[in-house]
Amino acid sequence: MRKFTGILVSIVAALFLALAISCAPADTGKSSYAEDRAQIEDLQARYLFALDFFDLDTYVSTFTEDGVLDIIAYQAKGRDEIRKKLEEARSVFDPASENAKGPYPPTGRHNITNIVLKIDGDRATGRSYWFHYGNSNPERKPVFDGYGHYEDEMVKVNGQWLFSKRVIYNEGVAEWIAPAKNPCW
Amino acid sequence: MRKFTGILVSIVAALFLALAISCAPADTGKSSYAEDRAQIEDLQARYLFALDFFDLDTYVSTFTEDGVLDIIAYQAKGRDEIRKKLEEARSVFDPASENAKGPYPPTGRHNITNIVLKIDGDRATGRSYWFHYGNSNPERKPVFDGYGHYEDEMVKVNGQWLFSKRVIYNEGVAEWIAPAKNPCW
Amino acid sequence: MRKFTGILVSIVAALFLALAISCAPADTGKSSYAEDRAQIEDLQARYLFALDFFDLDTYVSTFTEDGVLDIIAYQAKGRDEIRKKLEEARSVFDPASENAKGPYPPTGRHNITNIVLKIDGDRATGRSYWFHYGNSNPERKPVFDGYGHYEDEMVKVNGQWLFSKRVIYNEGVAEWIAPAKNPCW
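Protein chains in written order, with my numbering: chain A, 367 to 551; chain B, 367 to 551; chain C, 367 to 551.
Calculated directly from the structure, the hints in this document are not laboratory data. These figures come from a predicted structure and were not determined experimentally. It is possible that some hints are incorrect.
Pairs involving identical chains hold if they fit within one copy or between any two copies, as the list cannot separate such chains.
[Stated by the list, open to error] The calculated DSS-like cross-link candidates involving lysine-lysine, where the alpha carbons are at most 30 Å apart (straight line), are: (1) K507 / K531; (2) K547 / K450; (3) K507 / K451; (4) K467 / K484; (5) K450 / K467; (6) K484 / K507; (7) K467 / K451; (8) K443 / K467; (9) K522 / K451; (10) K522 / K507; (11) K467 / K547.
Turn these sequences into a full structure, and let the hints guide you.
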């Protein structure tokens, strides 16, 4: 009798193990390509809102503690240094800080498109386009005025995707333009 | 004997309960962040096709029955009122309705980028950028001519995401521009 | 005793079957709307990087072997023919090939927005907007210069989404403009 029960328990245990393994992909569904891509797209968009509305707390929080912002002209490493660089460039990134003549405060907006993502566990590599428009002129006329592309490295820290490195190429300055080779795959 | 069987059944039942709970996230995978975001991105894009091609039936169907369209200048509540407001503004939203001189009918196109989404069950909050270009000029020259941002509330009704409220800020009119504070998180 | 064990084994087996079925949706999570949409968005973005950086190997690899590129002016069928057509239009698509005067090589960039996707198993139908900007002028001034929309058919081949047909409408040429009716749903 005990023998039978023992065998039965073993069979049940084995079946549970098999089932648990077969269910595993479901359990990790939260880190599927779509789930990670969805989180990263949200990160990318929040980064740009923070930049354009000059919300530096949120902006630096999209980077890892030792994240790198590389705009070719310089590299800033870590949230404090990144914040310092942004503060220094306030007149560039925060149109409202300008003493621009006109009927109301001017604005500038960075946009992201064409997001390509390769994701491997807690690490991701990204390529995408950015472009900018604004109305920093006396008539508040909308003007398309800049573009380039991003080359990103991202990591998942405590379940949250962050930039560990963002390189920004800019087709408006000779020294900052992209190499001719397709940066994608 | 019966006692052993009883204990065994209890153990099996307990294990099943535990396993069922551990499998549950898989079962609800259809309403994961990625699944909801994918559906909402599709909604956002279909809304703009409907607007630009002036397909009012599809346009109003992207709102809930009592959905609100708020363009600061006015609020329209419910599909009928929203449709009425769009009809009144036909000359603005339907370039083909214009008697514009030129070699072929002009077009105008609204685009969405930088979609930020917070999703909580059947409710979602969105922030995103919009911009517009068109060729409503005699040469049919492409012109970038407007931008702003959306602040959205969405609900899932019978498995389908719809706008319960869309607020449209526009940087081209003094009264409709965005407050200076980052509307995102 | 054997009878009890037999009944118990039957109950356990039945429960496992029920549980396996309830877990099944999780297992096929890899081809959910979000997963397919994520893969297709990546395809769409890689296509544009390949086009703008004139990486023809990658460009033609985004089509199926017998895929069709239809720009209204002509239809190219199959990767070889598509490549040939692109080579012929090099001066249009590869700004760096131009002998454009200026301080550094000019660039041109196609962007995609407003992606609407209907997915049915291994087949997908897409609608989306495209627009173009570049700096092919002596001052390397960023200029917004073209737009239209895509109508796509895609298939999943060996787990990878590819274009089986891409039709490109262009609002810059009378013969290539979109019909007035909303191409979406």
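Hints, verified against the model:
no. : hint        : result
1   : K507 / K531 : between (34 Å within a copy, 28 Å between copies)
2   : K547 / K450 : between (33 Å within a copy, 20 Å between copies)
3   : K507 / K451 : both (29 Å within a copy, 26 Å between copies)
4   : K467 / K484 : neither (45 Å within a copy, 37 Å between copies)
5   : K450 / K467 : within (27 Å within a copy, 38 Å between copies)
6   : K484 / K507 : neither (38 Å within a copy, 32 Å between copies)
7   : K467 / K451 : within (26 Å within a copy, 34 Å between copies)
8   : K443 / K467 : neither (36 Å within a copy, 37 Å between copies)
9   : K522 / K451 : within (25 Å within a copy, 42 Å between copies)
10  : K522 / K507 : neither (40 Å within a copy, 38 Å between copies)
11  : K467 / K547 : between (42 Å within a copy, 21 Å between copies)
Consistency note: the structure conflicts with the earlier hints numbered 4, 6, 8, 10.
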